[in-house]
Amino acid sequence: MESASNHDLLVVKNLRLHFKARAGVVQAVDGVDFKLRKNQATVVIGESGCGKSSLAKAILRLLPRNVDTYDGQVLLNGKDIMQYNTETFRREVRWKKISMVPQAAMNALNPVMRIGDQVAEPAMIHMGLSKDEALKSALQMFEHVGVPVDFLHRYAFELSGGMRQRAALAMSLITLPDLVILDEPTSALDVLTQANIMNLMKRVKQELETSFILITHDIATSSELADSVAVMYAGQIVEVGDAHSFFAEPLHPYSKSSWPVCHVCERQ
Amino acid sequence: MSEMDNGAQSVSKTEDEPILQIDNLHVWYELKRFGFGHAGYVRAVDGVDFDLRQGEAMACVGESGCGKSSLMKTILGLNRPTKGDVIFDNQRLTETSGEDLRLYRAKIGYVQQDPFSALPPFMTVQRILEEPLVINGVSDKKERIARIRKILEEVKLTPIEEVLPKFPHMLSGGQQQRVVIARAMIMEPKLLVADEPVSMLDASVRVEILRLLRNLQEKHNLSVIYITHDLSTVRYFSEYIFVMYAGEVIEIAKMEDLLQDPKHPYTFALLEASSDPDANNALVMREVPRGEPPSLVNPPKGCRFNPRCPKIIEGLCDVKRPPNVEVTPHHKVACWLYDEEGMNAV
Numbered sequence: 016m017e018s019a020s021n022h023d024l025l026v027v028k029n030l031r032l033h034f035k036a037r038a039g040v041v042q043a044v045d046g047v048d049f050k051l052r053k054n055q056a057t058v059v060i061g062e063s064g065c066g067k068s069s070l071a072k073a074i075l076r077l078l079p080r081n082v083d084t085y086d087g088q089v090l091l092n093g094k095d096i097m098q099y100n101t102e103t104f105r106r107e108v109r110w111k112k113i114s115m116v117p118q119a120a121m122n123a124l125n126p127v128m129r130i131g132d133q134v135a136e137p138a139m140i141h142m143g144l145s146k147d148e149a150l151k152s153a154l155q156m157f158e159h160v161g162v163p164v165d166f167l168h169r170y171a172f173e174l175s176g177g178m179r180q181r182a183a184l185a186m187s188l189i190t191l192p193d194l195v196i197l198d199e200p201t202s203a204l205d206v207l208t209q210a211n212i213m214n215l216m217k218r219v220k221q222e223l224e225t226s227f228i229l230i231t232h233d234i235a236t237s238s239e240l241a242d243s244v245a246v247m248y249a250g251q252i253v254e255v256g257d258a259h260s261f262f263a264e265p266l267h268p269y270s271k272s273s274w275p276v277c278h279v280c281e282r283q
Numbered sequence: 003m004s005e006m007d008n009g010a011q012s013v014s015k016t017e018d019e020p021i022l023q024i025d026n027l028h029v030w031y032e033l034k035r036f037g038f039g040h041a042g043y044v045r046a047v048d049g050v051d052f053d054l055r056q057g058e059a060m061a062c063v064g065e066s067g068c069g070k071s072s073l074m075k076t077i078l079g080l081n082r083p084t085k086g087d088v089i090f091d092n093q094r095l096t097e098t099s100g101e102d103l104r105l106y107r108a109k110i111g112y113v114q115q116d117p118f119s120a121l122p123p124f125m126t127v128q129r130i131l132e133e134p135l136v137i138n139g140v141s142d143k144k145e146r147i148a149r150i151r152k153i154l155e156e157v158k159l160t161p162i163e164e165v166l167p168k169f170p171h172m173l174s175g176g177q178q179q180r181v182v183i184a185r186a187m188i189m190e191p192k193l194l195v196a197d198e199p200v201s202m203l204d205a206s207v208r209v210e211i212l213r214l215l216r217n218l219q220e221k222h223n224l225s226v227i228y229i230t231h232d233l234s235t236v237r238y239f240s241e242y243i244f245v246m247y248a249g250e251v252i253e254i255a256k257m258e259d260l261l262q263d264p265k266h267p268y269t270f271a272l273l274e275a276s277s278d279p280d281a282n283n284a285l286v287m288r289e290v291p292r293g294e295p296p297s298l299v300n301p302p303k304g305c306r307f308n309p310r311c312p313k314i315i316e317g318l319c320d321v322k323r324p325p326n327v328e329v330t331p332h333h334k335v336a337c338w339l340y341d342e343e344g345m346n347a348v
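Chains A and B, in that order, give the protein sequences. For the first sequence, my numbering begins at 16 and goes up steadily by one. For the second sequence, my numbering begins at 3 and goes up steadily by one.
If you are wondering where the hints come from, they were derived from the structure by calculation, not from laboratory data. Remember, it's a predicted structure, so these values are computed and weren't measured experimentally. Glycine is no exception: its CB is placed at the ideal position from the N, C-alpha and C atoms. One or more of the hints may lead you astray.
To be verified - A few chain B residues that face chain A, going by a derived Cβ cut-off under 8 Å, partial list only:
#1 S66
#2 I147
#3 S206
#4 R288
What the hints assert, rightly or not - With a straight-line Cα cutoff of 27 Å, these simulated DSS-like cross-link-like pairs (lysine-lysine) come out:
#5 K158(B) to K271(A)
#6 K75(B) to K85(B)
#7 K217(A) to K75(B)
#8 K168(B) to K158(B)
#9 K35(A) to K220(A)
#10 K28(A) to K151(A)
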């Protein structure tokens, strides 16, 4: 019955996450299905408030208190991680298999801890490395993401936005997870820094064979990394397709309506 | 086509008299050591020159920290120029103060970046739009209401009766931005300064707001300065674009010329970095200059882009400030590559 083939890293089936609110139930994620193959990148495109960040939280089970409904299936390498209890999920899945760079992660770095120690921390906690070993692998990650090595000993406020974003990315990669979820990784950055970060993610994808879920509202930037595209609207995925056919011709009316802003050189 | 004709006409009518002249403008902020004692200047705007004629739109493109907001605030009369001057409607900003400055400001509309934080949360739409009229001495209540209705119709916030008593939080992002535009337009300004008016909005709303601004501009023969970091939105606007880097204007040209045929290596990099949606993007690396914009306290010698420039001419770009070269009519670039001395050095 399971249609998950060996190439599928993540299969999400009928995932629902509803919140209780004073005005009623908020159906933030309402029956979402999609698949992600190994070493591929899926882009989730949608407007603010369409539930794309909630989708990321639902996959990683990072839930707030006011959850109303939370069900469906999330198969990681063929195993249904929704069945894991909280402790197993924390030990087996978070950081080890799936890590996440939340929105505005670069502003969420601890201001009183050196960057190197912060990046090394997940490796110590989740992979049981000693502090020296963890710092060594933090150093390697810094080389991967293009942060100068002496930045290990600096504090967050001494780094520019682009460098902090790189450090956040290094932190998410240090446990060598299969899947990294990136929530709006470049939306607060300048155009050139944005292009640099996208270059970096392409390289990481090749070198470390990581899979990505990239959550964004920026269609043009998303095309830099996407192998497949899912368009989300009001809690549901309204269009799924591989990148080539989607960027050639989006089909859903919503995708079409957000299209004309993003071409640079033609005037209407 | 008709759009272009209109533009050409209004230019020829008032060609000799720009409405806004920026004349060798410097805006420096002083740095203090321990709260007193001089510790250098932040050279946010360092020698900017341009003219804007009635009915023209000009886009200002640059990354954060390049001085575009300082430039805009100075035009609005919120900053004082350190050196140079802003001449708006035959009025020199350095010679204007007190009541005159208030009247000066009333002639310029300002569209803020983030509509939600630009609107007072405890005022209704009617009060928000009435306020500028009250302050500027429109004492007849009936006239005020009539003008509010007219402007709301123009920004297409209808039905008016339903919108007037609403508070900002009851409106969507796009509607809020329309209120901000209405507020900027209600004193019938000659110049509109729009500071990233769509960067906080969703993609599907952006086009509508940009078209609205364009329509208002054509209808009222407004001059507009449109500030953005996003090259993909400027084509909805603007006859002219200028690109700023580290406090200086490095290239100024007609919109099509700049987008089709950029001259300065930095403009080139900006265009290269802002992608069109295309699946093949994922297969290639983009050529982006390394590093980050320089500190404006101690900017690099010579051309300020030289530490990141892929086409640097050693011994020239890092020593002497580049001249403004007019490559083709209306297309000026501050780069040694297009100057004779620079060509000889290569």
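Comparing the hints with the structure gives:
For the restraint placing S66(B) at the interface with chain A, the shortest Cβ-Cβ distance is roughly 6 Å, inside the 8 Å limit, so the hint holds. A distance limit of 8 Å between C-beta atoms decides the matter here; for I147(B) the minimum to chain A is near 33 Å, and the interface restraint is violated. Interface hint at S206(B): satisfied, since its Cβ lies 4 Å from the closest Cβ of chain A, which is below the 8 Å cut-off. The beta carbon of R288(B) is positioned within 8 Å of a beta carbon in chain A (closest approach about 5 Å), and the interface hint is therefore held.
Only pairs whose Cα atoms come within 27 Å are accepted, and K158(B) paired with K271(A) is accepted, the gap being roughly 23 Å. Annotation: proposed proximity of K75(B) to K85(B) holds, straight-line Cα distance about 15 Å (limit 27 Å). Of the supplied pair hints, the one linking K217(A) and K75(B) is violated, its CA atoms being roughly 39 Å apart against a limit of 27 Å. Between K168(B) and K158(B), the direct Cα distance comes to roughly 16 Å. Compliance with the 27 Å bound is thereby established for this hinted pair.
For the hint linking K35(A) to K220(A), the alpha-carbon distance of about 38 Å lies beyond 27 Å, and the restraint is violated. Between K28(A) and K151(A), the direct Cα distance comes to roughly 39 Å. Violation of the 27 Å bound is thereby established for this hinted pair.
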